[in-house]
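Line by line, the protein sequences give chains A, B, C and D. Taking full-length UniProt numbering as reference, the numbering of the first sequence is continuous, increasing by one, and the terminal residue is 311. Taking full-length UniProt numbering as reference, the numbering of the second sequence is continuous, increasing by one, and the terminal residue is 311. Taking full-length UniProt numbering as reference, the numbering of the third sequence is continuous, increasing by one, and the terminal residue is 334. Taking full-length UniProt numbering as reference, the numbering of the fourth sequence is continuous, increasing by one, and the terminal residue is 334.
Treat the hints with care, since some could be wrong.
[To be verified] Only pairs whose alpha carbons sit at most 25 Å apart, straight line, appear in this in silico BS3-like list of lysine-lysine:
no.: 1; chain 1: A; residue 1: K258; chain 2: C; residue 2: K37
no.: 2; chain 1: A; residue 1: K105; chain 2: C; residue 2: K312
no.: 3; chain 1: A; residue 1: K258; chain 2: C; residue 2: K314
no.: 4; chain 1: D; residue 1: K5; chain 2: D; residue 2: K37
no.: 5; chain 1: A; residue 1: K258; chain 2: C; residue 2: K5
no.: 6; chain 1: B; residue 1: K258; chain 2: D; residue 2: K312
no.: 7; chain 1: C; residue 1: K314; chain 2: A; residue 2: K105
no.: 8; chain 1: C; residue 1: K314; chain 2: C; residue 2: K227
no.: 9; chain 1: D; residue 1: K314; chain 2: B; residue 2: K258
no.: 10; chain 1: C; residue 1: K312; chain 2: A; residue 2: K258
no.: 11; chain 1: B; residue 1: K258; chain 2: D; residue 2: K37
[Claimed, not checked] Just so you have them, the derived chain C footprint on chain D, three or more residues with Cβ under 8 Å:
no.: 12; segment: 97-108
no.: 13; segment: 136-143
Worth flagging that the hints you see were computed from the coordinates, not collected in a lab. Note that the Cβ used here is the ideal one computed from N, Cα and C, for glycine as well.
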Amino acid sequence: MSTALAPARTGSDERLTGFAGEPLDQRRYRRMRFIRRFEETLLQLFEEGALNGTTHACIGQEADAVAVIEHLAEGDHIFSNHRCHGHYLAHSGDALGLLAEIMGKEAGVCRGMGGSQHICAPGFKSNGVQGGIVPNAAGIALANQLSGNDAVSVVFIGDGTLGEGVVYETLNMAALWKLPLLVVCEDNRWAQSTPIAANLAGDMAARFAAFGVPVREVDSTDVEELSAIAGEEVGLVRAGAGPRVLLIHTYRLCHHSKSDDERPEREIADRWLVEPLLVHGQRLDEADRRRIDDEVETALGEVVATARALP
Amino acid sequence: MSTALAPARTGSDERLTGFAGEPLDQRRYRRMRFIRRFEETLLQLFEEGALNGTTHACIGQEADAVAVIEHLAEGDHIFSNHRCHGHYLAHSGDALGLLAEIMGKEAGVCRGMGGSQHICAPGFKSNGVQGGIVPNAAGIALANQLSGNDAVSVVFIGDGTLGEGVVYETLNMAALWKLPLLVVCEDNRWAQSTPIAANLAGDMAARFAAFGVPVREVDSTDVEELSAIAGEEVGLVRAGAGPRVLLIHTYRLCHHSKSDDERPEREIADRWLVEPLLVHGQRLDEADRRRIDDEVETALGEVVATARALP
Amino acid sequence: MIFAKELGDTLRGALTDDPRVVLLGEDIADPYGGAFKVTRGLSTAFPQRVRTTPISEGAIAGVSAGLALAGYRPIAEVMFGDFLTLMFDQVVNHIAKYQAMYAGQATCPVVVRAATGGHRGYGPTHSQSLEKHFLGVPHLRVVAASLFHDPREVFSDFLGRDEPVLYVEHKLLYPQHLTLPVNGRIGDLLATSEGGPLPTVRLSAVPVEDCTVSVLAYGYQAMLAAKVIERLAMEEEIFAELLVPAQIAPMDWAPVERSVAVTGRLVTVEEGADGWSWGTEAASVISRRLFGRLRRPVDVVASEATVIPSSKTKEASILVGSAQIEAAIRAAAR
Amino acid sequence: MIFAKELGDTLRGALTDDPRVVLLGEDIADPYGGAFKVTRGLSTAFPQRVRTTPISEGAIAGVSAGLALAGYRPIAEVMFGDFLTLMFDQVVNHIAKYQAMYAGQATCPVVVRAATGGHRGYGPTHSQSLEKHFLGVPHLRVVAASLFHDPREVFSDFLGRDEPVLYVEHKLLYPQHLTLPVNGRIGDLLATSEGGPLPTVRLSAVPVEDCTVSVLAYGYQAMLAAKVIERLAMEEEIFAELLVPAQIAPMDWAPVERSVAVTGRLVTVEEGADGWSWGTEAASVISRRLFGRLRRPVDVVASEATVIPSSKTKEASILVGSAQIEAAIRAAAR
Ligand SMILES: Cc1ncc(C[n+]2csc(CCOP(=O)(O)OP(=O)(O)O)c2C)c(N)n1
Ligand SMILES: Cc1ncc(C[n+]2csc(CCOP(=O)(O)OP(=O)(O)O)c2C)c(N)n1
Ligand SMILES: [Mg+2]
Ligand SMILES: [Mg+2]
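Just chain A, same shape as in the assembly (with noise of 0.2 Å):
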């Protein structure tokens, strides 16, 4: 096993990210517990007060993150939508950033601007209305193309998403034009409240391959399986073999936002079993998992405090 995967950021707080030498199947681990606590922690800072706006947790979808960004590199480029903190936290580490930004400080990512859907760093970037970001994503990847670079363009969508027209406009010029760009598509079974039966006619894959675009498929929560098939994708998207969707089946354990939830609560306990942490958890040692755990916590407190005392 490797640790050539996903070096982390320089500056980044390594009990997030990772420490250097550390065995993969650990680092993996702790980065998805640090966005998990990380948004846990948010959701309760909203429910103090101590935030404004509103906020969508990826609680569930950490593995995504983590298994797709791992194998991206300087210079490629994320472009993420309205649940972006886990992307945002498994590209960047900067837990203080967006913290600070989600807060409204001046400390924040984008200075108070964006605040939890529209965050700007280096190699990343979000927006809050769906679907527009894809053609974005698009154009980077045209960019990319125009300057001879191998960099990547990644962008997240959820499954509703798909309703949106210009994915498919993009998708179609994606395809014309060999544009090495991956979409990855978070098929989370629900769109807000309404569940994907309601929302997407036909066959979610096809739709992709339909314009063009060769669908990578799979249905699992486990971040190592995950990572090997991100891999290979965007490894042939880095080789010039065109758009490719890496369409994810997952599940979001939280709520839409903040307190939305009208699902049935038995669909959300069985998903509660095969959650990312614990399908990948089983691979570490209990002491390691408690070690990692005491070590995000300790440095999440450290943050939430840091960010708490900003102006």
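The hints should help you fit chains B, C and D with the ligands onto chain A, whose structure is shown.
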């Protein structure tokens, strides 16, 4: 062969739309001839400077209009696009209303407001903005569904219009809601100056199927073949099968609008060998064909004279 | 008499009374009942005519257009008014055009309802008041929800006419109590309604003859402005007449003109971004109609023309709120 | 010096000089070279950076946004300005937002070129001047082509700055000769340019001190207005100063204010539909800035607020043309 199909609208000129009891072969030829000669006349009037604005002729595609529309009944609705003359004439037979409209006269079907691309008459509408008519037609289908009648909503689009995202938004909704909508996609290989290879990635038929909308594909300029298939498709939609697509591969023999044509001459010449009037005309006696040609010519001559004299 | 509830009841009444009414929108079905809960209960009562749609704003508008062309009365909900942008083509080039472009042979009475406005920290793409971009679209009416207008009358106007309309509902109105005029008063203010089913409501502490400023505002800003004029009257004897139209485009300028003819001063208030805004047209029209009779230039109060920040303090610093309204009225009254 | 040709040469120059320039649009590739032939020859010279797109206005704008975020200089062509509606979301919620929403960490300098305007009988969906709906979008510049502005300078401004811009090109300008000021004159009119790379051009038969009306117009209407003021000066000794800005939003009002300070009268002219239009803001601003110093109200000349008919005579009866401009100037000068 029956003549139950496509009774002419009351008040239309039988020399253009067909006589009671006339064999179906002759009637179809007559209608196609009517459309062809109407548009050729139009292009001539444009050259003379008798008309202004712009126009898009469907020369080469007349069979589509005649074949599909002869299966429609009172209460059905057609939504058409920029290239709508054939559809309108096959539907209404109203040459004078259309010509007067394009001439910008008060007697025009929209009193000169709409011109060539924006036509409205009972059971018929068109709009010159690509794509947007598709949800409009779906809305009419939804109205029919809610009313509990068995009327069919038909929308005609071109291959190039498959570039517009709202088409897919609508396919999805129509499939989810099982709307009685028939999309007739006239793939004439070109969109303005752009060949399908530069416009469309992937597989055209698969695009519809991926959204759960069954596709019937046919490559033909033969009105008889087209009519048989169109009849089945209209029948299925009317019977409650949900939305369907009739994908007709055909060819536009004239320029896109008035004088813009940069397509390979050879390609065009080859397609003139299988143009609908020729293909179907062979089924008629030379004498019948001549007679019909003359009747159409005379009737259209009267229409032009009347239209010119209008205030 | 919570506005969201009244509005929901209005929609229920419309569905009950008129079989042509159809509601479309994202997540509007039960049990969720819409992001702001306005439609809660309606899909259970009218499953065929209250439909949650996919996330497809263009098609929502486009399908509504088709329904309307076919004689139905679609009411489309836009979850956040920010996404009206995705309906712009359908509204401008389809819905608003059909009747005139077809020489009256068709009508397209779509009602689009949009939850607009900021002050909740939702950030740049979930806080805008984009209605100004829909003002002056030929044949489109724009109507703003307010606490001074009964949504029942508003919707009975919509459903009784053949024109399309954009109805903007500021999010912060949803939890508020409606405050309709009763016996010529709303609370401590004098209140009169002029002009049919979508009246301009006039509010003032004293008769207009004793007012020195006219204030023109709609929606949530009208609620704020009412509080401001009440406070200024009580505490400082600065008397202003507030005019609150329901229909903000096309505008019936007559009540505004009458008021300003008396006061000689006009302040317009809106939450949308400054520049080519609602108040701009007011300033243009009133400056013309009352040329030489204004005591001071019309003052257009609008939000700073930039992105709406997520940070609450930053947001408050650029969006119009009570402070800006009060400052403008004070300045005008000086 | 045909405008379409000059514009094409300008784009060719931009592609040659700046490897970051990319052209996207429907049917812009050779041999067709665009519906109005502006880009003819360019795809042959720069096949990678001049791309015909599918009929997907939303994605054209969205891909342009991505290119711009990545440091490129996309120039997107909209075949008919009427279809800007389909780009509205990308322009408002993406392109114009990114820089401010990301606190300056990114820029998104997209140039959108759109062929606008009527008078050709193209009918309701191919004749509009919809730019008024893009005025007042925060952080978006709107610039109008005119015969008095060198497209080379205009594009060098666009490509030298980091902001997005909508550039509207009235179709009827394409076949016209550019008429740039030479030695302080354009034809028989005095002509001066003020204000940097996108100057406001001032045209008049006599020095402004002897003018009794100021006229503010852009694009094709500016060309018409120039002819009108020249004729009125020659034939009737009615002297007007015409001001033609390139950038119509945000506006530099200073030259307008200076002119009107002298003449005391302002007529604004635009082809877009009346109501919440470009001139409305002019009227609002100038009425405020020159309060008490205007001799008459600002007159906003705009087209009738309805669908643009296809019929040539009907179209002419609702769109602004020379006759309306002349009538307004005469009325103002009285
Ligand atoms: C254009 C647009 N329409 C509607 C919304 C409101 N909205 C935010 S998230 C969401 C559901 C998205 O579902 P999905 O794409 O499946 O992503 P998920 O939330 O499940 O991660 C909706 C409708 C939006 N942000 N943008
Ligand atoms: C939204 C929109 N974009 C662009 C155009 C300009 N336009 C008119 S026809 C056309 C080509 C349409 O091609 P296709 O759909 O294949 O129909 P065809 O002309 O071949 O019948 C284009 C680009 C338009 N009318 N509407
Ligand atoms: Mg989802
Ligand atoms: Mg075609």
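**Request:** Check each numbered hint against the structure and report the violated ones by number, ascending.
**Result:** Violated hints: none; all satisfied.
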